[in-house]
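Asks: Based on the provided sequences and hints, a complete structural model is requested.
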Amino acid sequence: MMNRVTSSMTAAAAQRHLQLGAARLAEVQERASTLDKLSRPSDDPTAAGEALRVRNLQASTAQYQRNVDDGSSWLDTVDSTLSSVQGILAKVRDLTVQAGNGALGPDSRDALARQVEGLRADLLQTANTTFAGRNVFAGTSDAPAAFAADGSWSGVPGAAVTRRVGPDTTVRVDADGAATFGTGPGSVFTLLDGLAGDIRSGTSALDRLAALDVRMADVRAVQGDVGTRHAQILRSKETLIDTSTSLEAQRSGLEDLDLAAAVLDLKLQETAYQSALAVTAKVLQPTLMDFLR
Amino acid sequence: MGSTFGGLNTAYSGLVAARTGLDVVGQNIANVNTDGYTRQRLVTTSVESPARVGLASAGTVPGQGVSVDAIARLGDLALDGRVRSAAAADGYQQVRASALSTLEETLGEPRTTGLAAGLTSFWSAWHDVANHAGETAPASVLLARGTAVATTLATGSRAIDAQWSTVRDQVDGQAGQLNQAATEVAALNERIRSGLQQGVGVSELVDRRALLTEKIAGLAGGTVTERADGTVDVLVGGNALVRGDVARTVAVVGGRVLGDAVGLEWADSPGRSLGADSGSLAGSLSLLAPAADGRGGVLAEASAAYDALATQIATQVNAVHRTGATTTGATGLDFFTLQAGVPAARGLSVVPTSATGVASAATGSGALDGTVADAIGRIGASAGSPDRAWSTIVSSTGAASAAERDQAELTGLATTSAKNRQQSGAGVDLDEENLALLSHQRAYQGAARVMSAIDEMLDTLINGMGRVGR
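Going down the list, the sequences are from chains H and F.
According to our numbering, the stretch in the first sequence is residues 43 to 335, in order.
According to our numbering, the stretch in the second sequence is residues 254 to 723, in order.
What the hints contain is simulated information worked out from the structure, not anything from laboratory work.
Treat the hints loosely; a few may be bogus.
[As the list claims (entries may be wrong)] Pair by pair, the computed Cβ-Cβ distance ranges are: (1) H:K324 x F:G279: 22 to 32 Å; (2) H:L60 x F:S393: 50 to 60 Å; (3) H:G236 x F:S393: 47 to 57 Å; (4) F:L327 x H:A320: 26 to 36 Å; (5) H:A65 x F:D521: 42 to 52 Å; (6) H:D152 x F:T606: 56 to 66 Å; (7) F:G279 x H:V47: 19 to 29 Å; (8) F:D684 x H:D300: 41 to 51 Å.
[Stated by the list, open to error] Here are some, though not all, of the chain H residues that point toward chain F, as calculated from beta-carbon distances under 7 Å: (9) R46; (10) R82; (11) A90; (12) A93; (13) L94; (14) R95; (15) D112; (16) R206.
Quick reminder that beta carbons are idealized off the backbone N, C-alpha and C, glycines included.
Replies: Rendered as structure tokens:
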């Protein structure tokens with residue numbers, strides 16, 4: 043209860059109200075122009091913490107998406123390489139069956155052997171396929187080639203090139219060279235060397251045919267595995283797109299201001315400030331002096 | 254019967270009272286906008302008729318006019334006291350609220366350039382290194398981002414240090430103001446006491462002293478007790494800062510580096526703390542307190558949190574990095590190092606200078622393996638990650654700042670309301686002064702009219718006597 047209202051009180055109150063109005067106006071102006079709900083943590087401490095967490099998740103998701111794209115390219119390369127390997131091995135098998143014909147003369151056998159040797163060279167080249175400078179069949183090795191001419195493998199047993207596609211999920215994106223081609227004396231290259239020699243000498247190559255079939259089955263198994271992993275990485279890609287959409291929605295909900303609400307707020311504060319100005323002008327003017335003569 | 258010229262004297266006393274009243278109104282109006290001015294009123298009493306003496310005096314005699322007794326200062330001690338206590342609480346809160354608001358700005362969150370963003374791009378860089386192990390480009394990006402994280406931490410820590418120093422300087426300034434105000438109050442006490450003894454008006458001096466005690470309350474809290482001789486004692490923490498015409502001096506003790514204890518002592522008895530618990534000085538001192546497990550001074554705690562975060566980043570990254578091997582097979586390497594002798598947040602730096610120093614491969618998994626780089630990249634998403642720790646720092650600082658701001662708003666309101674009540678009693682109102690002006694003017698006119706009526710009466714008596722019929 044105020045007993046007396048004095049000039050200084052009126053002036054101080056008017057000044058205070060104008061200052062308050064101006065401060066509020068400045069605040070909503072800042073918000074409306076940046077459209078940021080959170081300009082400093084104290085605006086909403088909980089939301090600020092949450093916003094940092096969501097941004098962290100967004101950055102991780104973006105990174106996983108990059109990993110997925112990279113991994114997908116690796117698997118594409120591996121897959122098409124394995125198809126070529128299949129093709130080469132199928133041709134070798136045809137030639138071997140052809141060489142099994144006892145009616146062939148030495149010249150024809152020599153020609154067949156040369157073809158097998160040519161295919162062996164192709165196979166070696168295919169086995170040394172690289173992606174972005176890395177051997178796809180010896181991913182973690184820095185050796186210039188995955189397989190040397192004698193069929194020795196430069197990869198590290200058990201080591202794999204993986205891409206992280208989720209917080210707890212990784213996908214292997216290379217192929218195990220040892221499982222696909224075998225290593226050293228047990229490798230497909232040694233096998234083809236033996237085949238070529240058998241064909242040339244006229245020895246029956248049919249017993250090597252069984253070994254070749256086993257090798258081809260191995261390649262098919264590896265390719266099947268690569269296909270499964272490719273499907274997995276594509277699924278992850280879709281999941282990641284969904285996740286990034288929902289994370290962006292969360293972030294926006296936490297940080298972004300609704301334009302309509304911001305403009306409405308701005309207009310309201312503007313009106314409030316203007317009426318405060320008008321009222322102050324009216325209240326401060328008259329004193330008894332204006333009416334005394 | 255009264256004397257012949259008694260009426261003239263009565264009218265004259267009216268003239269004097271009205272003129273003094275007009276002067277008081279003039280003083281009030283002149284000081285309508287003076288800070289701390291308390292309005293004054295003329296106090297008059299009517300003068301009773303003279304006592305009957307002797308036999309000759311008979312009949313009823315009217316009073317002898319008006320006497321000007323005093324010019325009263327219309328202040329209210331209780332309201333002044335309330336203004337002082339509100340100012341003390343407000344001084345404390347405002348200092349803290351503004352410091353926390355500054356601290357919060359130093360964090361630079363939530364922004365795309367803050368430490369949180371720096372950390373996430375640092376972890377991303379590790380993933381890129383995992384994808385392209387052994388390549389120079391991703392590794393140099395990683396080193397740059399690692400350095401950026403270290404720089405952000407160092408900048409933040411330095412900003413807190415700078416803020417601490419600013420507050421420390423403020424304390425010196427505030428203590429100086431306190432001593433100055435105390436000296437002035439003591440001097441005013443002396444002048445008021447002698448003024449009262451000589452019967453001189455001291456209202457204006459009291460106004461100035463009230464302003465000064467209010468300033469002291471805003472600086473260091475304290476209570477004011479009035480004494481019979483018109484002087485006041487100002488007590489801070491139970492001890493007299495001003496007693497009569499004697500003022501004591503307050504000294505700031507303590508170092509000038511964050512972590513030092515800073516306090517206020519009585520200059521004349523070293524070692525005895527001032528014990529101020531409100532006012533802006535107490536607020537500043539509460540900000541300067543050293544860290545104490547989360548309950549110490551805000552600035553020191555924030556600085557400690559930065560250091561803890563830097564240590565955490567270095568420890569967590571190094572623990573994994575040591576298990577890895579570089580492309581040349583070197584193992585047991587650190588990625589971050591903490592310089593000894595400086596706060597961790599400022600001593601953090603990246604060890605490797607090129608891709609060859611980054612241990613991205615698991616030992617024995619081939620030179621281009623990226624398992625260890627991937628594991629370091631995953632630290633950012635783990636439950637005990639530095640990112641979470643940082644987010645906790647940001648939220649808790651934000652919450653503290655919001656709480657202090659709300660508190661400061663409340664104390665601000667209390668101050669406004671106390672000030673309003675004080676002004677309601679003590680402030681000059683122009684309408685009221687105009688009315689007073691009018692009534693004193695009329696009183697003067699009336700007294701003058703009475704005087705001329707008596708004069709005419711005497712004229713009739715003196716000049717017209719014995720001229721009946723002519």
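Asks: Now tell me if each hint is right for this structure.
Replies: Okay, the hints, checked on the actual structure:
Look at K324 of chain H against G279 of chain F: about 28 Å separates their beta carbons, and that is inside 22 to 32 Å. Hint check: L60 of chain H to S393 of chain F, Cβ distance near 56 Å, so the stated range 50 to 60 Å holds. In this structure the hint that G236 of chain H and S393 of chain F lie 47 to 57 Å apart at CB holds, the actual value being about 49 Å. Take L327 of chain F and A320 of chain H: their Cβ atoms lie about 34 Å apart, and the range 26 to 36 Å holds.
Remark: the range hint 42 to 52 Å for A65 of chain H to D521 of chain F is upheld by a beta-carbon distance near 45 Å. Roughly 59 Å separates the CB atoms of D152 of chain H and T606 of chain F, a value that falls within the hinted 56 to 66 Å. Between G279 of chain F and V47 of chain H the beta carbons are some 22 Å apart, a value that agrees with the proposed interval 19 to 29 Å. In this structure the supplied range 41 to 51 Å holds for D684 of chain F paired with D300 of chain H, their Cβ-Cβ distance being about 48 Å.
Because the closest C-beta pair between R46 of chain H and chain F is about 5 Å apart, less than 7 Å, the hint holds. Interface restraint check for R82 of chain H: the shortest CB-CB distance to chain F comes to about 5 Å, inside 7 Å, so the restraint holds. Here the hint on A90 of chain H is kept, as its CB sits about 5 Å from the closest CB of chain F, short of 7 Å. About 5 Å separates the beta-carbon of A93 of chain H from the nearest beta-carbon of chain F, less than 7 Å, and the hint is met.
A hinted interface residue such as L94 of chain H counts as satisfied when its beta carbon comes closer than 7 Å to some beta carbon of chain F; here the least separation is about 4 Å, so the hint holds. Hint on R95 of chain H holds. Least Cβ distance to chain F is approximately 6 Å, under the 7 Å limit. Interface restraint check: D112 of chain H against chain F, minimum CB-CB distance 5 Å, threshold 7 Å, status holds. Hint on R206 of chain H holds. Least Cβ distance to chain F is approximately 6 Å, under the 7 Å limit.
When each numbered hint is compared with the structure, no violation occurs for any of them.
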